[in-house]
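> In case you want the letters, here they are:
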Amino acid sequence: MSAAFTLYDYVLSGNCYKIRLFASLLAMPYQSVAIDFYPGYEHRSERMLSLNPAGTLPVMVTSAGGQVLTETNAMLAWMALHDGGAQTPWFPAVDPALGPQVQQGLAFGAGLTDSIGLARLHAMLDWPVDGEAAKRAGLKHLRALELHLTDRQIDGGLWWAGAHPTIADLACFPYVALSPDAGLEHDGFPAIRRWLYAVRSLPGFATMPGIHPLHELR
Amino acid sequence: MSLAYARNDWYVIADRNSLEQGPRRTRLLGDEIHVSGSYAHPVIKDASGRMLPTQIKFDHVWTTVGDRPRPLFDIPEGNEPGRRLVPCGMVRVKCSPLRAVENFLDIAHFPFVHTDVLGAEPYTEVEPYKVEIREQNDEVWATKVKFFQPLAAKSAAGGITTDYEYRVPAPTTAVLYKTCPPKPEAQDVITIFVQPRSETECDVWPWMALYDDDTPYADLVQFQQMIFLQDRSILENQRPIKLPLDPRMEIPTRSDLTSVAYRRWLKKRGAFYGALAETL
Ligand SMILES: N[C@@H](CCC(=O)N[C@@H](CS)C(=O)NCC(=O)O)C(=O)O
Ligand SMILES: [Fe+2]
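First to last, the sequence lines map onto chains S and C. Quick note on numbering: numbering that gives the first Met the number 0 labels position 70 of the first sequence as 69, and the sequence is numbered without any gaps. Quick note on numbering: numbering that gives the first Met the number 0 labels position 41 of the second sequence as 40, and the sequence is numbered without any gaps.
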C-alpha cells in the first residue's frame, strides 16, 4: 500500500506520537522521516523552518495534494476524514451534539503541550524552561480532565465524548499518559486511569517510550 | 555514601551540542557546576569559581573535582577506522547513578521493557554466561551472553541471536559490545556515561561506535533514545532509590550474575556514592 502522508517525526515527541498512534489504529500506511529534535535541534534548521516556520514537530505532508499540516489537531482531522469520509466515527464534525464536544477536547489536548509537555522536556532533557511552573499547569490540567472524565463515567460514557473514541481522545492521550515522565503520577486520578486503560486496549494500539504495552498491567 | 571515592573519578559534563546552546548550570556529586566555553575550549567551574580540569574523550567533555583523580579509562574501539561515532545527547533520570549502570548491564528485562525490539516473548530465557573481575585492570566483564533479538539495531533486517559482552571500567560507566547486524564478524559498541548529579539523580550520556554507514544520524540517535527512554520510567520507579549492596536486600537470580558482580566490585573498592550501604 502506498503512504498516505509523510511524517517529520521525533521518537520522544508526544505530539508526533498522536499521529503515529492514530495511523496505527487506522492501519494507515505512512512514511516517517526522523528529525533530530534532540540533541541536534533540527526542527529549528533552515530546511525545517521553511516547511514549518513555527519550528515545531510533527509536520505532515499529505501524499495526495501535498498539503502541509503543522497542527496535530488538523492532522488528526485529515486522517479521520481520509480514512472514513464525513461518516467517520473518529471525527463527528457536523453532529450538533458531538461536534462541538470534540472541538472542546481537541483544544484541551493542544493545551497540554505547554503544560505537561514542557514539564516533561524539562525533566527529561533539561529543556531551558520553568519546569516547576509547567508542572503546576500540568497538574491543573490533570485535575480538569479527571473532572470531565468522572462526569462522563457517571453518565455511562468512557470516552471524551460519545460512544466511540474520537480524535479528541487521541489529542489528549499522549501527554496524559506520559505525565509520569514529568513526575506527575496517575495515582490520584481514577477516571483518568480507566480512560488510559481503555485507549491502550484499542485494537491496533501502538506504544512509545514511557508508555508500556498493556501486558504489564495484567 | 563515599563522596571521597567518587570525587576522584572523571565524569562527562557536556558535549558539543550542549556547549553550542550557551552557558549552562549543572550539578556534579551534589554541587553546582558552571559550564561554558566551546567544545574546543570548555570552561568548567565549581560554585566557588574554581576552574576544574577538563579533557575531551569519546566525543564528550570530562571533568573531575578530585585532588588525586584516577586516570580516565580507554575505549580503544573508539579509534578503530570505519566506525561511526554517535554521541546521543543526555537524558536526566531521577535514580541512583549506579542503578542506571546496573540496568544497562541487565538483559533479562529486554522482552518486557523493550518488547519486539531488544527482546520478545516467549524468548525470555537468559542462557548461562560468564562473569569475571579482570584483575589486571580491575574491571567487571560479562562474556558469552546470548540473546534472541527481533530488532537488535537500526541496521538489523530481522531477528537474530545477538552475542553480548559487557564491561564496567568505572562505577558510572558501562560499555557493551554486541553483534553488528550488517557485519556479524564485528561488534558494535554502545556506552553510557553517567554524570551523577546527586546520589538519587543523574544525567546519562549515551555514546555509540557503530559499523553503519547507511543509517542517517537522526535515526541512529532516535533508536538509542527510544531504548533508553523505555528504561527511564522503569528506573525512576525502582525502590529503594539507591542501589543496595547487601545481597540480602534484593534476591539475585542466575541471570543477574553481572549485577551481583558489579555490586560486589563497588563494595570492594568502596564506591558507595549512590549505594544503599547502611549495613556496611
Ligand atoms: N501546535 C503544535 C505544537 C507542536 C509542538 O509544540 N511540538 C513540540 C514537540 S512535541 C515542538 O516541536 N517543540 C519545539 C521546541 O520546543 O523547540 C501541534 O499541536 O501540533
Ligand atoms: Fe533496558
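Any given hint might turn out to be false.
[Unchecked claim] Facing chain C, from chain S, some residues (calculated, C-beta under 7 Å):
1) L11
2) L201
3) P202
4) G203
5) F204
6) A205
7) P208
8) L213
[As the list claims (entries may be wrong)] Below 25 Å or equal to it, Euclidean Cα-Cα: the simulated SDA-like pairs (lysine to any residue) are:
9) C:K145 / C:H108
10) C:K129 / C:K266
11) C:K153 / S:E184
12) C:K182 / C:D213
13) C:K93 / C:E120
14) C:K56 / S:H211
15) C:K153 / S:W158
16) C:K93 / S:A26
17) C:K266 / C:T114
18) C:K93 / S:G209
19) C:K93 / S:A96
20) C:K177 / C:T199
21) C:K93 / S:V32
22) C:K153 / S:V32
23) C:K266 / C:E235
24) C:K182 / C:Q54
25) C:K93 / S:H211
26) C:K177 / C:M248
27) C:K93 / C:D30
28) C:K93 / S:P179
29) C:K153 / S:G203
30) C:K56 / C:P41
31) C:K153 / S:K139
32) C:K93 / S:V128
33) S:K139 / C:P41
34) C:K182 / C:A169
35) C:K56 / S:V128
36) C:K153 / S:V128
37) C:K93 / S:G203
38) C:K145 / C:E120
39) C:K56 / C:F111
40) C:K93 / S:G187
Please keep in mind that the hints were generated in silico from the structure rather than gathered at the bench. Every value quoted in this text rests on a predicted model; they were computed, and no experiment measured them. Note that the Cβ used here is the ideal one computed from N, Cα and C, for glycine as well.
> A separate judgement is required for each hint: does it hold in the structure or not?
Do the hints match the structure? See the list:
1. L11: The hint holds - S:L11 has a Cβ within 7 Å of chain C, the shortest such distance being about 6 Å.
2. L201: violated, 17 Å
3. P202: S:P202 check fails; min Cβ-Cβ to chain C is 17 Å, beyond 7 Å.
4. G203: Violated, about 15 Å.
5. F204: violated, 13 Å
6. A205: Cβ of S:A205 sits 11 Å from chain C, so the hint is violated.
7. P208: holds, 3 Å
8. L213: violated, 11 Å
9. C:K145 / C:H108: Given pair C:K145, C:H108 holds - Cα atoms ~14 Å apart, limit 25 Å.
10. C:K129 / C:K266: holds, 20 Å
11. C:K153 / S:E184: The hint is violated at about 32 Å.
12. C:K182 / C:D213: Measuring from Cα to Cα gives roughly 13 Å; hence the hint holds.
13. C:K93 / C:E120: violated, 29 Å
14. C:K56 / S:H211: violated, 35 Å
15. C:K153 / S:W158: Status violated; Cα separation ~36 Å.
16. C:K93 / S:A26: violated, 36 Å
17. C:K266 / C:T114: Given pair C:K266, C:T114 is violated - Cα atoms ~33 Å apart, limit 25 Å.
18. C:K93 / S:G209: holds, 14 Å
19. C:K93 / S:A96: violated, 45 Å
20. C:K177 / C:T199: violated, 29 Å
21. C:K93 / S:V32: Distance of about 31 Å is beyond 25 Å: violated.
22. C:K153 / S:V32: holds, 14 Å
23. C:K266 / C:E235: Holds, because 23 Å separates the two Cα atoms, which is no more than 25 Å.
24. C:K182 / C:Q54: violated, 32 Å
25. C:K93 / S:H211: Judged against 25 Å, a Cα distance of about 19 Å means the pair holds.
26. C:K177 / C:M248: The given pair, whose Cα atoms are some 31 Å apart, is violated under the 25 Å limit.
27. C:K93 / C:D30: OK: C:K93 and C:D30 at ~16 Å, within 25 Å.
28. C:K93 / S:P179: holds, 12 Å
29. C:K153 / S:G203: holds, 23 Å
30. C:K56 / C:P41: Given pair C:K56, C:P41 holds - Cα atoms ~13 Å apart, limit 25 Å.
31. C:K153 / S:K139: violated, 39 Å
32. C:K93 / S:V128: holds, 18 Å
33. S:K139 / C:P41: violated, 41 Å
34. C:K182 / C:A169: violated, 29 Å
35. C:K56 / S:V128: violated, 30 Å
36. C:K153 / S:V128: This hinted pair is violated, its Cα atoms lying about 32 Å apart.
37. C:K93 / S:G203: violated, 32 Å
38. C:K145 / C:E120: holds, 15 Å
39. C:K56 / C:F111: Violated: C:K56 and C:F111 sit about 34 Å apart, past 25 Å.
40. C:K93 / S:G187: With a Cα-Cα distance of about 21 Å, the restraint between C:K93 and S:G187 holds, given a limit of 25 Å.
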